[in-house]
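Engineer: Required output: the full structure, derived from the provided sequences and hints.
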Amino acid sequence: MSIRASLPDADSLLSVAVLEDDALLREDILIPGLREFGFRVSGAGTAGELYRLMLQQAFDLVVLDLGLPDESGLSVVTYLRSLFAGLGIVVLTGNRGRSDHARALHGGADAFLRKPTDPEILALTLRNLAQRLRTAHISVTTPSQAWRLQSDGWCLLAPDGTVMVLTSLERCLMRCLDAQRGQAIERETLVSALEAATGDFDLHRLEMLIHRLRRKAARISSDRTPALPLLSSRGMGYLLAD
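Residue 0 is where the sequence shown starts when you use numbering that gives the first Met the number 0, and the numbers rise one by one after that.
Derived from the structure by calculation, the hints contain no laboratory data.
We put the beta carbon where it would ideally sit given N, CA and C, even for glycine.
Misleading hints may appear alongside valid ones.
[Claimed, not checked] Under the rule of at most 25 Å between Cα atoms (straight-line distance), these lysine to any residue pairs were calculated in the SDA-like manner:
{"#": "1", "residue 1": "Lys114", "residue 2": "Asp20"}
{"#": "2", "residue 1": "Lys114", "residue 2": "Arg126"}
{"#": "3", "residue 1": "Lys114", "residue 2": "Leu128"}
[Claimed, not checked] Simulated restraints on C-beta separations:
{"#": "4", "residue 1": "Leu23", "residue 2": "Ala84", "range": "31 to 37 Å"}
{"#": "5", "residue 1": "Glu70", "residue 2": "Pro115", "range": "20 to 26 Å"}
{"#": "6", "residue 1": "Ser74", "residue 2": "Asp241", "range": "35 to 41 Å"}
{"#": "7", "residue 1": "Ile120", "residue 2": "Gly66", "range": "18 to 24 Å"}
{"#": "8", "residue 1": "Ser98", "residue 2": "Ala145", "range": "45 to 51 Å"}
{"#": "9", "residue 1": "Glu206", "residue 2": "Gly160", "range": "25 to 31 Å"}
{"#": "10", "residue 1": "Ala101", "residue 2": "Pro225", "range": "43 to 49 Å"}
Structural biologist: What follows is the structure, given as structure tokens:
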């Protein structure tokens, strides 16, 4: 299974995950405040709760506090950004220092707001961010009969020519699978490759990454485009079929 994010759609409510360990602030101020401005909002009190929440539904945006009980908020930012190039990430903190601000932005946050945060300011920040994240599919002129990985590994080309931009983790995974196309690769081998690229990876995160990549590819598939042939091999691992 995989953590999920979605590309903002102009015709649907924006879905926001709020990660804040202060239950009073989360449940009585942030969540109802954002709902009042038309967002679909879910809350979590720990990084673990957020990850479980993201296994169940896709989000357009994440609002998170840096001070968390189970994991550094900065590491959450870095992890989410490694998975989702198009996820909007807004950081909240009561710390007045410049270092957290700089580190959060360097780690992949899109915006940084200080507590106490006015729900209206937060809502406007999220809407402006979502507007910037809306993108159109890019097409290439020469269609193919198979999904193809571009030579630099950063884009996956669907058979109808649609381009799917990959995150750094997706790129690493797809390069491993594409190098041995048609052959199953053990899960442990894939984890080792991803761990070498990120410094921290495990089987659970591999499953999340695989599922998320399949869902991402499914969103650009059509009747004329076969599904991404990223298959599970029972008792072995995963393979990219021809």
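Engineer: List in ascending order the numbers of the hints, as given earlier, that are violated by the structure.
Structural biologist: The structure breaks none of the hints.
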